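J.: Below, each chain spelled out in residue letters.
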Amino acid sequence: GENVEQHPSTLSVQEGDSAVIKCTYSDSASNYFPWYKQELGKRPQLIIDIRSNVGEKKDQRIAVTLNKTAKHFSLHITETQPEDSAVYFCAASSGAGSYQLTFGKGTKLSVIP
Amino acid sequence: DTGVSQDPRHKITKRGQNVTFRCDPISEHNRLYWYRQTLGQGPEFLTYFQNEAQLEKSRLLSDRFSAERPKGSFSTLEIQRTEQGDSAMYLCASSRGTDESYNEQFFGPGTRLTVL
Chain A
1 GENVEQHPST LSVQEGDSAV IKCTYSDSAS NYFPWYKQEL GKRPQLIIDI
51 RSNVGEKKDQ RIAVTLNKTA KHFSLHITET QPEDSAVYFC AASSGAGSYQ
101 LTFGKGTKLS VIP
Chain B
1001 DTGVSQDPRH KITKRGQNVT FRCDPISEHN RLYWYRQTLG QGPEFLTYFQ
1051 NEAQLEKSRL LSDRFSAERP KGSFSTLEIQ RTEQGDSAMY LCASSRGTDE
1101 SYNEQFFGPG TRLTVL
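Top to bottom, those sequences are chains A and B. Last residue of the first sequence: 113 in our numbering, with the numbers rising by one and none dropped. Last residue of the second sequence: 1116 in our numbering, with the numbers rising by one and none dropped.
No lab work stands behind these hints: they were computed from the structure. Being a predicted model, the structure only gives us computed values, none of them experimental. The C-beta atom is built at its ideal place from N, Cα and C for all residues, glycine as well. A couple of the hints might just be wrong.
Said to hold, decoys possible - Stretch-level coverage of chain A by chain B, calculated; a stretch enters the list once three of its residues show a Cβ under 8 Å from a Cβ in chain B:
no. : stretch
1   : 21 to 30
2   : 57 to 65
Claimed, not checked - No farther apart than 25 Å at their CA atoms in a straight line, the calculated lysine-lysine pairs in the DSS-like style are these:
no. : chain 1 : residue 1 : chain 2 : residue 2
3   : A       : LYS68     : A       : LYS37
4   : B       : LYS1057   : A       : LYS105
5   : B       : LYS1011   : A       : LYS42
6   : A       : LYS42     : A       : LYS105
7   : A       : LYS22     : A       : LYS37
8   : A       : LYS108    : A       : LYS57
Said to hold, decoys possible - Label pairs and their computed distance ranges (CB to CB):
no. : chain 1 : residue 1 : chain 2 : residue 2 : range
9   : A       : GLU79     : B       : GLY1016   : 51 to 59 Å
10  : A       : GLU83     : B       : ARG1015   : 35 to 43 Å
11  : A       : SER28     : B       : ARG1081   : 38 to 46 Å
12  : B       : LEU1039   : A       : GLU79     : 25 to 33 Å
13  : A       : ASP17     : B       : ASN1051   : 40 to 48 Å
14  : B       : ASN1018   : A       : SER28     : 36 to 44 Å
15  : A       : LEU46     : B       : GLY1040   : 34 to 42 Å
16  : B       : GLY1016   : A       : GLU56     : 48 to 56 Å
Just chain A, with the same shape it has in the complex (with noise of 0.2 Å):
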């Protein structure tokens, strides 16, 4: 089945900084790409998601990039707020059928004022 490797586990940016997220895949079948936010106590929202016809997707400071040759996928988030301070995740489907996600382990981004 597919596995999905997600880097770092913990992250602590300057507010104003970027930040980059980065994750793997196993399964090169894997054709859609979304990224969850998930703040304390909260259900998990999607922020961006991409699929494997496009190599890179934007919507206003947040982007996701893909390399399908390499079978990895990366969140880049420019001019932080503390607001975005939350955990991150990345997850892969499938699709073709099977459209369950399967998720990394998640990122905590930390943004200091």
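Following the hints, put chain B in place on chain A, whose structure we already have.
T.: Using the frame of chain A, we list chain B on its own:
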């Protein structure tokens, strides 16, 4: 609130008891998923429904776990003879569409189960 809802939000039970959780997906969503999340981990897939059909089950889903979605709307997850290792947050998610174009999964608030 038109998001995914789950009930109850918290459940404390004694080892060996049975528990049942309910999930109400977003109304136009025909896919429904159950995940389990333990502290410091990402959600782990348990099972998936398309309409009323249960199409996938994880190896994590032992014989003590059963899920239903009888009319393709709400779903229930039952755990029989609970064990302390079942303590976790049980998350429900839903998504719409009949092809891969609509795979965005929206999560409910979860049911936190504590087995004493």
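J.: Would you pick out the hints that fail for this structure and give their numbers low to high?
T.: Hints 1, 2, 15 contradicted; others consistent.
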